[in-house]
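Trainee: Residue 316, in the UniProt record's numbering, is where the sequence shown stops; the numbers in between run on with no holes.
It is worth saying that the hints were derived from the structure and are not from the lab. Please note that a few of the clues may not be correct.
[Claimed, not checked] Label-pair restraints from in silico Cβ distances:
| id | residue 1 | residue 2 | range |
| --- | --- | --- | --- |
| 1 | Asp91 | Ser13 | 45 to 55 angstroms |
| 2 | Ala309 | Gly174 | 25 to 35 angstroms |
| 3 | Glu34 | Asp5 | 17 to 27 angstroms |
| 4 | Gly174 | Ala314 | 22 to 32 angstroms |
| 5 | Pro273 | Lys70 | 29 to 39 angstroms |
| 6 | Lys17 | Thr250 | 54 to 64 angstroms |
| 7 | Thr4 | Ser36 | 19 to 29 angstroms |
[Unchecked claim] Straight-line Cα separation of at most 25 angstroms, SDA-like style, residue types lysine to any residue; simulated pairs:
| id | residue 1 | residue 2 |
| --- | --- | --- |
| 8 | Lys279 | Phe243 |
| 9 | Lys70 | Gly121 |
| 10 | Lys31 | Asp192 |
Every residue, glycine too, gets a C-beta built ideally from N, C-alpha and C.
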Amino acid sequence: MSSTDIWISNDASTFQKAQLPTQLRHVKVIKIREDSIGRIILLISTEITNEENADPDLSEIFISDSQGLKFSPVEWTPNHQFGNFRLTFPDFLKGTIFGSFHPSIDYSNHQVNYTENIARGETKISVDNGLTWSNLKVVDEENADSFGCDITRPERCSLQGYFYNLKLSNPSAGIILMTGSVGDDNEFDRKDRKTFISRDGGLTWRVAHNSSGLYATGDLGNIIVYIPSPSYKDGDVQSKLYFSLDQGRTWNQYELADALFYIHPLELINTTPDGSGSKFILSGHLITTASQEGNNTNISYIARSVLYAIDFSAAF
1 MSSTDIWISN
11 DASTFQKAQL
21 PTQLRHVKVI
31 KIREDSIGRI
41 ILLISTEITN
51 EENADPDLSE
61 IFISDSQGLK
71 FSPVEWTPNH
81 QFGNFRLTFP
91 DFLKGTIFGS
101 FHPSIDYSNH
111 QVNYTENIAR
121 GETKISVDNG
131 LTWSNLKVVD
141 EENADSFGCD
151 ITRPERCSLQ
161 GYFYNLKLSN
171 PSAGIILMTG
181 SVGDDNEFDR
191 KDRKTFISRD
201 GGLTWRVAHN
211 SSGLYATGDL
221 GNIIVYIPSP
231 SYKDGDVQSK
241 LYFSLDQGRT
251 WNQYELADAL
261 FYIHPLELIN
271 TTPDGSGSKF
281 ILSGHLITTA
291 SQEGNNTNIS
301 YIARSVLYAI
311 DFSAAF
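Model the full assembly from the supplied sequences, consistent with the hints where possible.
Mentor: Quick look at the structure:
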């Protein structure tokens with residue numbers, strides 16, 4: 001297979017061939033991004049190939065010089081694997097990038113046991129436009145015993161987000177929420193999802209709620225609204241909305257539905273795009289259950305769609 005070339009134009013007319021640190025074969029350029037100081041970031045993801053004598057490159061991140069013509073590899077992890085990258089650039093944190101790596105699975109290797117609950121991957125943060133990366137450090141003494149690894153060793157035990165949906169909260173003054181799990185040695189339990197909060201732009205994290213769900217911030221992070229996703233286990237259904245008026249340090253709850261219904265939330269947004277407002281919109285379905293005739297089991301069905309307007313204007 002021939003190598004892949006990258007061509008750069010600074011005037012949308014003439015193109016120059018970029019200088020790459022290595023020849024690219026069996027790869028996909030997943031995304032091309034620009035950092036906060038104008039350099040180009042390339043996500044290079046390797047595809048597993050069955051070609052004889054094939055020697056594909058590792059998955060890497062390349063970053064350009066100021067002219068965009070010479071690229072250098074970014075150190076990601078000493079345990080390089082084949083796989084895919086995804087980057088998230090918070091517009092409200094200049095120079096900060098969250099990266100998620102998901103290794104490719106070679107299902108032809110029958111000696112490896114793949115389970116649907118154990119996920120493999122890495123989530124990291126860079127605060128210097130991708131030059132250096134570190135794990136998401138969990139600093140949460142209160143919940144330390146609930147994790148399956150030692151959070152005082154972030155190189156082996158850190159917060160892992162989800163590759164397919166590395167979703168961060170609305171713009172705020174360093175206040176970020178993310179759903180994830182704490183894992184050891186690049187493995188984590190997909191079922192053990194919690195909602196975590198950072199108050200320092202993503203450098204350190206602690207548990208905000210012992211469940212996954214929808215979240216949004218207002219008043220630049222001073223207001224946080226959270227509603228859990230229904231788990232459907234052991235009758236554990238949700239009808240409560242949680243809110244914090246002190247950057248997630250303490251939480252209050254509000255009952256959204258009566259005993260006959262529970263909420264399946266679909267979307268929770270701040271009505272002000274820059275995150276400075278104190279009004280929110282929650283959409284979802286009201287779910288109820290009914291017993292089947294001649295059957296001891298209950299079935300759930302949508303009673304109706306609902307839309308809530310949530311206003312904290314008078315809270316301060």
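Trainee: All the hints need checking, so say for each whether the structure fits it.
Mentor: Do the hints match the structure? See the list:
1. Asp91 to Ser13: 45 to 55 angstroms: Violated, at about 30 angstroms.
2. Ala309 to Gly174: 25 to 35 angstroms: holds (28 angstroms)
3. Glu34 to Asp5: 17 to 27 angstroms: For Glu34 and Asp5 the Cβ distance comes to about 20 angstroms; the hint holds.
4. Gly174 to Ala314: 22 to 32 angstroms: holds (26 angstroms)
5. Pro273 to Lys70: 29 to 39 angstroms: holds (37 angstroms)
6. Lys17 to Thr250: 54 to 64 angstroms: The hinted range 54 to 64 angstroms holds for Lys17 and Thr250, with Cβ atoms some 57 angstroms apart.
7. Thr4 to Ser36: 19 to 29 angstroms: holds (27 angstroms)
8. Lys279 to Phe243: Cα-Cα ~12 angstroms, so holds.
9. Lys70 to Gly121: Measuring from Cα to Cα gives roughly 29 angstroms; hence the hint is violated.
10. Lys31 to Asp192: Since the Cα atoms of Lys31 and Asp192 sit roughly 30 angstroms apart, the hinted pair is violated (cutoff 25 angstroms).
The structure fails hints 1, 9 and 10 (numbered hints given earlier, in ascending order).
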